[in-house]
Amino acid sequence: MRNLMFLILAVGFHPCLAQQQSFIGLWEGKINVGASLRIVFEFSENKNGELFGILKSPDQSPDPIAADTTFSKGDSIFTGVKKFGMAFKGKLLNDTSISGSFIQGISIPLQLKKLPPNTILSASADTMPIANKIYYDKD
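As numbered in this note's numbering, residues 2 to 140 make up the sequence shown, in order.
Please keep in mind that the hints were generated in silico from the structure rather than gathered at the bench. Don't take every hint at face value.
Straight line, CA to CA, 20 Å or less: simulated SDA-like cross-link-like pairs of lysine to any residue [unchecked claim]: (1) K31 <-> F79; (2) K84 <-> G50; (3) K90 <-> K48; (4) K84 <-> S98; (5) K115 <-> G75; (6) K74 <-> V34; (7) K90 <-> T120; (8) K57 <-> E43; (9) K74 <-> I107; (10) K31 <-> K90.
Computed beta-carbon distance windows for the label pairs [unchecked claim]: (11) Q112 <-> G35: 17 to 25 Å; (12) G106 <-> N49: 17 to 25 Å; (13) G35 <-> G75: 14 to 22 Å; (14) P110 <-> N49: 28 to 36 Å; (15) V34 <-> K90: 25 to 33 Å; (16) K31 <-> P118: 14 to 22 Å; (17) I104 <-> A36: 16 to 24 Å; (18) N119 <-> G86: 26 to 34 Å; (19) K83 <-> S62: 30 to 38 Å; (20) D64 <-> V34: 13 to 21 Å; (21) S37 <-> G106: 26 to 34 Å; (22) K48 <-> Q112: 17 to 25 Å; (23) S108 <-> K48: 15 to 23 Å.
Quick reminder that beta carbons are idealized off the backbone N, C-alpha and C, glycines included.
Work out the full structure: start from the sequences and follow the hints.
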């Protein structure tokens, strides 16, 4: 019993697991490539507890792109999509900000801000919580 309690405490306070939890959610930033494009990452855990990433570029397409690789180490995160030669690497600054680089042929600075959990993305309007979108769609 004492060993089980130690295991529960050790896993519960493991710094890598706690840090991984900080990345979970929607993160949005803008890159400038002649035009300003929103880049959104959605980080979650799969059923095995591994970090998983989805990339969205709502100004270009409504379709999400699953990352081939996503992992965190301490306060840093990396995610990549081999098919498009894309990657993002960044460092968690606080609970709502990640500073990093979007890489696709060249490295472009990308600052991400955490979005509210119920945020929807659309190419025709800025991001807004679902409740606000429903209100605006009624008109």
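Each hint tested on the structure:
1. K31 <-> F79: 17 Å, holds
2. K84 <-> G50: 25 Å, violated
3. K90 <-> K48: The hint is violated at about 24 Å.
4. K84 <-> S98: Violated. K84 to S98 sits at ~27 Å, over the 20 Å cutoff.
5. K115 <-> G75: Holds. K115 to G75 sits at ~18 Å (cutoff 20 Å).
6. K74 <-> V34: Violated, at about 29 Å.
7. K90 <-> T120: 23 Å, violated
8. K57 <-> E43: 8 Å, holds
9. K74 <-> I107: Violated - the C-alpha atoms of I107 and K74 are around 24 Å apart, more than 20 Å.
10. K31 <-> K90: 15 Å, holds
11. Q112 <-> G35: 17 to 25 Å: For G35 against Q112, whose Cβ atoms are near 19 Å apart, the range 17 to 25 Å holds.
12. G106 <-> N49: 17 to 25 Å: Check failed, 32 Å falls outside 17 to 25 Å.
13. G35 <-> G75: 14 to 22 Å: 35 Å, violated
14. P110 <-> N49: 28 to 36 Å: Because 33 Å falls inside the window, the suggested range holds.
15. V34 <-> K90: 25 to 33 Å: 18 Å, violated
16. K31 <-> P118: 14 to 22 Å: 21 Å, holds
17. I104 <-> A36: 16 to 24 Å: 19 Å, holds
18. N119 <-> G86: 26 to 34 Å: 32 Å, holds
19. K83 <-> S62: 30 to 38 Å: 18 Å, violated
20. D64 <-> V34: 13 to 21 Å: 19 Å Cβ-Cβ, so the 13 to 21 Å window holds.
21. S37 <-> G106: 26 to 34 Å: 18 Å Cβ-Cβ, so the 26 to 34 Å window is violated.
22. K48 <-> Q112: 17 to 25 Å: Distance hint for K48, Q112 is violated at roughly 31 Å.
23. S108 <-> K48: 15 to 23 Å: 33 Å, violated
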